[in-house]
Amino acid sequence: MAYPFQLGFQDASSPIMEELLHFHDHTLMIVFLISSLVLYIISLMLTTKLTHTSTMDAQEVETIWTILPAIILIMIALPSLRILYMMDEINNPSLTVKTMGHQWYWSYEYTDYEDLSFDSYMIPTSDLNPGDLRLLEVDNRVVLPMELPIRMLISSEDVLHSWAVPSLGLKTDAIPGRLNQATLISTRPGLFYGQCSEICGSNHSFMPIVLEMVPLKHFENWSLSMI
Amino acid sequence: MLSRAAWSFVLRTGGLGARGTHSPGDAARSEGRMPPYTNCYAQRSYPMPDEPFCTELTAEQRALKEKEKGSWTQLSPAEKVALYRLQYRESFAEMNRRSNEWKTVMGSVFFFFGFTALLIWWQRVYVFPEKPITLTDEWKARQLQRVLDMKGNPVQGLAARWDYEKKQWKK
Chain A
1 MAYPFQLGFQ DASSPIMEEL LHFHDHTLMI VFLISSLVLY IISLMLTTKL THTSTMDAQE
61 VETIWTILPA IILIMIALPS LRILYMMDEI NNPSLTVKTM GHQWYWSYEY TDYEDLSFDS
121 YMIPTSDLNP GDLRLLEVDN RVVLPMELPI RMLISSEDVL HSWAVPSLGL KTDAIPGRLN
181 QATLISTRPG LFYGQCSEIC GSNHSFMPIV LEMVPLKHFE NWSLSMI
Chain B
1 MLSRAAWSFV LRTGGLGARG THSPGDAARS EGRMPPYTNC YAQRSYPMPD EPFCTELTAE
61 QRALKEKEKG SWTQLSPAEK VALYRLQYRE SFAEMNRRSN EWKTVMGSVF FFFGFTALLI
121 WWQRVYVFPE KPITLTDEWK ARQLQRVLDM KGNPVQGLAA RWDYEKKQWK K
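Taken in sequence, the protein lines are chains A and B. Here the first sequence stands for residues 1 to 227, numbered as in the working numbering. Here the second sequence stands for residues 1 to 171, numbered as in the working numbering.
Just so you know, these hints were derived from the structure itself, not from any lab. Do not take every clue at face value.
Quick list of in silico lysine-lysine cross-link-like pairs, DSS-like style, CA-CA up to 25 Å [what the hints assert, rightly or not]:
| no. | chain 1 | residue 1 | chain 2 | residue 2 |
| --- | --- | --- | --- | --- |
| 1 | B | K167 | B | K151 |
| 2 | A | K49 | B | K103 |
| 3 | B | K167 | B | K140 |
| 4 | A | K217 | A | K98 |
| 5 | B | K140 | B | K151 |
| 6 | B | K166 | B | K151 |
| 7 | B | K151 | A | K217 |
| 8 | B | K80 | B | K103 |
| 9 | A | K171 | B | K151 |
Keep in mind the model is a prediction, meaning the values are calculated, not measured.
Using the sequences plus the hints, can you model the full thing?
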């Protein structure tokens, strides 16, 4: 989950998110370089007494500042596309979980073996246990086995929602009438929080997602207890 | 200054450019001149104005202008200054003088900062609702303990900065 005075992303809990962190570092460095160059040039422009009003053409510098941005954009696009395709690789998921967005809660269905489904509502602030995270805790968490690829099928029963878990690098729109697929794999056990990421009405900010990644044994015990 | 620089850029575009869109009457004015209202003012980006500053001369000034047509070594320093003043409205030193405008600007900026601060203070007292219970120190401490127990963000984030053996923040 997010922590106070956080500056960057939450720590990655999946390989894709690690890739995204590196990509973000690379792109942000380019952005910082360009911005500081522009700021420096602006400060030079503003602090000179020299004037020059008869510039007619500047073919050389125009060529440079056309070609160079094109090269920079290619240097950003190639890693980006690489990660995009990496997300769609075949990974043989061990489990399929369906999640449906509703106004204003998520419901989950584990139907590979038995029929298990439940709703996941946010816990209101007045009902929180001391130490809980406000607006993030839910009554029924999504328990999943860690270190296994899991197929998430995401859709909606009413309006647009979006199922997002930042530390796993996931954000997939929940569109009524459409089935979107995302691959989930967690490198660590623990609780991973996310929030609905597509405006869906008055309680859009109050339908969080909590993944509880546990060892396979615990997952099996849990799903037995839930049926 | 910016308008003059922009104007001179337009003038030198050449070709059909500006002239093609002007009415026949405008074409009578010769090309390459600045607009009449800034013609006799020197500016840092256009230091030599096209028109002289004083166009209506007294008899004395006209005599001086005649003398100017001869050798300039015959002119006394005072006459040279007089001719300069006829031609130019301000000297370079006068043109480039600084002003006290920045004090007015900064004063207004700080005044509005202060005014906004007052508005925000009023808003905090009379408009904002109660803070939720999760912002009390006790709750925040329990929350922090819970996050550390579940090792949230253990790579570079919060739990990465906690020393689990010594039970304190890493130095």
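query: B:K166 and B:K151: Cα distance at most 25 Å?
result: Holds, at about 15 Å.
query: Is it true that the CA of B:K151 sits at most 25 Å from the CA of A:K217?
result: Cα-Cα ~21 Å, so holds.
- prompt: Are the Cα positions of A:K171 and B:K151 separated by 25 Å at most?
  reply: Answer holds: A:K171 to B:K151 is near 23 Å, not above 25 Å.
- prompt: Holds or violated: are the alpha carbons of B:K80 and B:K103 at most 25 Å from each other?
  reply: violated (38 Å)
message: Between the alpha carbons of A:K217 and A:K98, is the straight-line distance 25 Å or under?
response: With Cα atoms ~21 Å apart, A:K217 and A:K98 stay inside 25 Å; holds.
query: Between A:K49 and B:K103, is the straight-line Cα distance small enough, at 25 Å or below?
result: Between A:K49 and B:K103 the Cα gap is close to 21 Å, so the pair holds against 25 Å.
- request: Take a quick look at whether B:K140 and B:K151 sit within 25 Å of each other, Cα to Cα.
  value: Holds, at about 16 Å.
task: Measure nothing beyond the straight line between the CA atoms of B:K167 and B:K140; if it is 25 Å or shorter, mark the hint as holding.
output: The hint holds at about 18 Å.
query: For the pair supplied as a hint, B:K167 and B:K151, is the alpha-carbon distance within the 25 Å limit?
result: holds (13 Å)
Taken one by one, the earlier hints fail for this structure only at number 8.
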